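Student: Keeping the supplied structure of chain A fixed, place chain B with the ligand upon it in accordance with the hints.
Quick note, the sequences are listed as chains A and B, same order. Anchor point for the first sequence: position 307 equals 307 in the numbering used here, and the numbering is continuous, going up by one each time. Throughout, the numbering used here is defined as the position within the second sequence, counted from one, plus 1000.
I should point out that these hints are in silico values taken from the structure, not numbers from a laboratory. Small disclaimer: the values here were computed from a predicted structure and weren't measured. Think of the CB as a built atom: it goes at the ideal place given N, C-alpha and C, for glycine as much as any other residue. Heads up, a few of these hints could be off.
[Stated by the list, open to error] Calculated lysine-lysine pairs in the DSS-like style (CA-CA distance at most 25 angstroms, straight line):
1. A/Lys326 with A/Lys218
2. A/Lys265 with B/Lys1102
3. A/Lys265 with B/Lys1087
4. A/Lys70 with A/Lys32
5. B/Lys1102 with B/Lys1038
6. A/Lys32 with A/Lys72
7. B/Lys1192 with A/Lys265
8. B/Lys1263 with B/Lys1117
9. A/Lys138 with A/Lys178
10. B/Lys1223 with B/Lys1263
11. B/Lys1192 with A/Lys178
12. A/Lys343 with A/Lys218
13. A/Lys32 with A/Lys110
14. B/Lys1063 with B/Lys1263
15. B/Lys1192 with A/Lys218
[As the list claims (entries may be wrong)] Just so you have them, the derived chain B footprint on chain A, three or more residues with Cβ under 8 angstroms:
16. 187-201
17. 230-236
[Stated by the list, open to error] Which residues of chain B face chain A? A partial, calculated answer using Cβ under 7 angstroms:
18. Ser1174
19. Ala1183
20. Pro1222
21. Leu1225
22. Pro1231
23. Ile1238
Chain residues, written in single-letter form:
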Amino acid sequence: MLLTMSSFYQLDFERPIRDLEQQIEAAEARLKAASAGTEIVGVPPGVVANLDEIDAVPAADLPGHIESLKAKLSETTRKLYDNLSPWDTVRVARHPQRPQTRDYIQFMCKDFCELHGDRRFGDDPAIVTGFARIDSFKVLVVGHHKGRTTQEKIACHFGCAHPEGYRKALAKMQMAEKFGVPIVTLVDTPGAYPGLGAEQRGQAEAIAVNLREMSRLKTPIISVVIGEGGSGGALGIAVADRVAMMQNAWYSVISPEGCAAILWKTANEQTNTAAARALKLTARDNLGLGIVDDVVQEPVGGAHRNPAAAADLLKAWIVSQLGTLKGVSGDDLIARRYERFRKLGAFQETLEEAVAAEAR
Amino acid sequence: MTQVAARTWTEVRAAKKSPIPEGLWLRCPSCGQMIYRKQMEANLHVCPECQHHFRIGAAERVKQLADTGTFQPMFTNLAPTDPLHFKDLKSYADRLLAEQVKTGQVDAVVSGQAFIKGRPAMVCSLDLTFMMGSMGSVVGETITRTIEHATQAGLPLIIVSCSGGARMQESGLSLMQMAKTSAALARFDDAKGLFISVLTDPTTGGVTASFSMLGDVIIAEPKALIGFAGPRVIQQTIRQELPEGFQRSEFLLQSGIIDRIVKRQDLRSELARIIDYAGK
Ligand SMILES: [Zn+2]
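Excised from the complex, chain B in its bound form:
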């Protein structure tokens, strides 16, 4: 096994550059309004003018979902390696380190136990800021352990997805994470566990084609891009313009693929409600 990522957290943290100061104001990419950043953040990173849902990291997501102070991180001892010695324009080892320094995270997933409006659950979120939330071995293993723990502990399972898909730099091993996580969900299903899959912008590729689409209940945030193939690939294949709103949450709801569209402000109460109906 290569030792490329054998850095400890302390080293990664020390190397983390001080964050670039963010402006007090930002322009909403959806409505174009200048909005006060603090106000947007206090509004769960949703534009107060047009309800545009900004993309958020896993730490912020988990903080939003869990009752204050109840999130207990788990499986934090897994770190990525470079099993294939993958190199494109940049080596995977270098890319991993750069992403770790940039985000202060080891990989693209956060998982743990939490309470949601007083209801215990396993809560897991992918992180788009780390290599586009792509699923390699660490993401796959963390999700699998989360599912297995939920199975053993008899807890409801909530996974928030946002991902570009399976991680190319781990090639076949990334692909196998799709089978691994889905097989773990089969056992969770056999044990009559409740899995609520929350799809956020964007969720595509191998993540959609595995655990994300296997929720007993599948919820999406408004206007999230959700699909198997990316829009560009589809456009190149069929050589025609894609219809307006194609692959957005509203389109998936109409197509019968998801159960509900839930605004971020309502997510906690909706999750609690479904746990009450279906949970043990």
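Chain A extracted, bound-state conformation:
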């Protein structure tokens, strides 16, 4: 099912998709009118595409015409999304209709039991934590949440967590370990929040402690970057046994804009595009680098076009991983997790003796 409301947020590169969708809408409106015996003059409200072509189609041919338009639409959508530039991928990952942690919890989980607060400072809505059931598994879900309404977005700082968010996540994860409950984390943040309070309350320390402690939690941990994987703020809940990215997510050491501003001295369309490419931030790139173990496919045209289908694909992957890790001892889990991250990095290594000889 495709969303075709005219209020649907539009990315520039999706223009050909929107044009086809409007043609289909118009053709369907005409067909409906024709079968009801009324005549439609002009175009339906909200439609701006050139629809002369549709008006020229005889009513009897409309069903066939609609079919071919739909085929063309799915082909165009597939092609566009198969060839997204890295910068366009970042845009898709930030799409306002893209499903977020709370959406996925609703689609994938039963009986979500939210647990709040870090017992120290407060309850950061930018990180959601709670028990839930996925398929036959009891899990602890931890995920960044950006917020949907303006009010919610502001409360969540657009998915940028404070130290209390990371500390809440760790406290709940340690409890999950105690009860042998596996952990599923959903990563979706532009980065940890850069602000006065965050610094004063030890943003860096909160993230660092999560990295250290997650590496030795003796319960399975599965992480998926569902949207934005912005730097340390993302990694702060992503030290896991199995890490995946959704097809149109990005994961990198810095946002393209941040990188462009520093290395290209200015962030604009051109430098953001270049930075996004240079950073190798797409799911495919990260898979190639060994940073993620898998890529979770999205429905054609991105998760925002069909959140329920995206959730089904995500759920299937998570359930398969939970199955694989079930029964692995805690000691084995942390030994393998250590090796998983230990081997990441690229450098040249010469024989120590050769270097020593050269130094003389």
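Tutor: The following block gives chain B with the ligand in isolation, referenced to the frame of chain A:
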């Protein structure tokens, strides 16, 4: 794997230009006094007038901390590559070579074993002069090996940080060094190892948000800039002036984030003291 940095030390050294002669006198950026360079250097690169702590390289740092002649460099056989073929206004490969020629170092870290007032320890320092002390694969790997060696040998671990954060040119791989070093510290912690983290001006970003903040004891030099986000990023986000002294050592001490502020002149004796209390 690309062969961009497949140059040997000898080649890098040969290419190193003779250093620009430095003036006998320099102006202290803090108090504005003209100070005699030799005197400043003899004073551990601290301004004799106002105690301003000048930034120093890793070689100088290690020399200052270790008992004379005891520092034994380790893990010197690691060299950076350009795994992503990263290119901004300049290619990473070219940048690496330029930095190697400029500094005479292979990357932004120096590590090894040393004695501090007679106490054996692993000592590691980042180097701000090499790509802002940023952490890529070589820095992450060196620190991880240092931690692992300290774990095996049962030695106290001292890491001196000064860094702009994770190295952008290695993107995700740099990010992963944060997890790798922190995981190694978990094992060191399990083995009851003592880690003293020394924060110097400036320590920010992915370095702060990983090993730097995981010390059993965290020490900072006076007035060092220490934080997760850089001041400019924070200012752009909150759109207001930052309070005086924000993100400086004294602010972190007040906020409960670090244990002690220690002047450079006292660093060796303070480290020895903590090793005596907590070391094996
Ligand atoms: Zn001075």
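Student: Confirm or reject each hint.
Tutor: To see whether the hints hold, each was checked on the structure:
{"no.": "1", "hint": "A/Lys326 with A/Lys218", "in the structure": "12 angstroms, holds"}
{"no.": "2", "hint": "A/Lys265 with B/Lys1102", "in the structure": "22 angstroms, holds"}
{"no.": "3", "hint": "A/Lys265 with B/Lys1087", "in the structure": "14 angstroms, holds"}
{"no.": "4", "hint": "A/Lys70 with A/Lys32", "in the structure": "17 angstroms, holds"}
{"no.": "5", "hint": "B/Lys1102 with B/Lys1038", "in the structure": "22 angstroms, holds"}
{"no.": "6", "hint": "A/Lys32 with A/Lys72", "in the structure": "21 angstroms, holds"}
{"no.": "7", "hint": "B/Lys1192 with A/Lys265", "in the structure": "45 angstroms, violated"}
{"no.": "8", "hint": "B/Lys1263 with B/Lys1117", "in the structure": "17 angstroms, holds"}
{"no.": "9", "hint": "A/Lys138 with A/Lys178", "in the structure": "14 angstroms, holds"}
{"no.": "10", "hint": "B/Lys1223 with B/Lys1263", "in the structure": "10 angstroms, holds"}
{"no.": "11", "hint": "B/Lys1192 with A/Lys178", "in the structure": "22 angstroms, holds"}
{"no.": "12", "hint": "A/Lys343 with A/Lys218", "in the structure": "20 angstroms, holds"}
{"no.": "13", "hint": "A/Lys32 with A/Lys110", "in the structure": "40 angstroms, violated"}
{"no.": "14", "hint": "B/Lys1063 with B/Lys1263", "in the structure": "16 angstroms, holds"}
{"no.": "15", "hint": "B/Lys1192 with A/Lys218", "in the structure": "19 angstroms, holds"}
{"no.": "16", "hint": "187-201", "in the structure": "holds (count 9)"}
{"no.": "17", "hint": "230-236", "in the structure": "holds (count 4)"}
{"no.": "18", "hint": "Ser1174", "in the structure": "5 angstroms, holds"}
{"no.": "19", "hint": "Ala1183", "in the structure": "4 angstroms, holds"}
{"no.": "20", "hint": "Pro1222", "in the structure": "19 angstroms, violated"}
{"no.": "21", "hint": "Leu1225", "in the structure": "11 angstroms, violated"}
{"no.": "22", "hint": "Pro1231", "in the structure": "9 angstroms, violated"}
{"no.": "23", "hint": "Ile1238", "in the structure": "5 angstroms, holds"}
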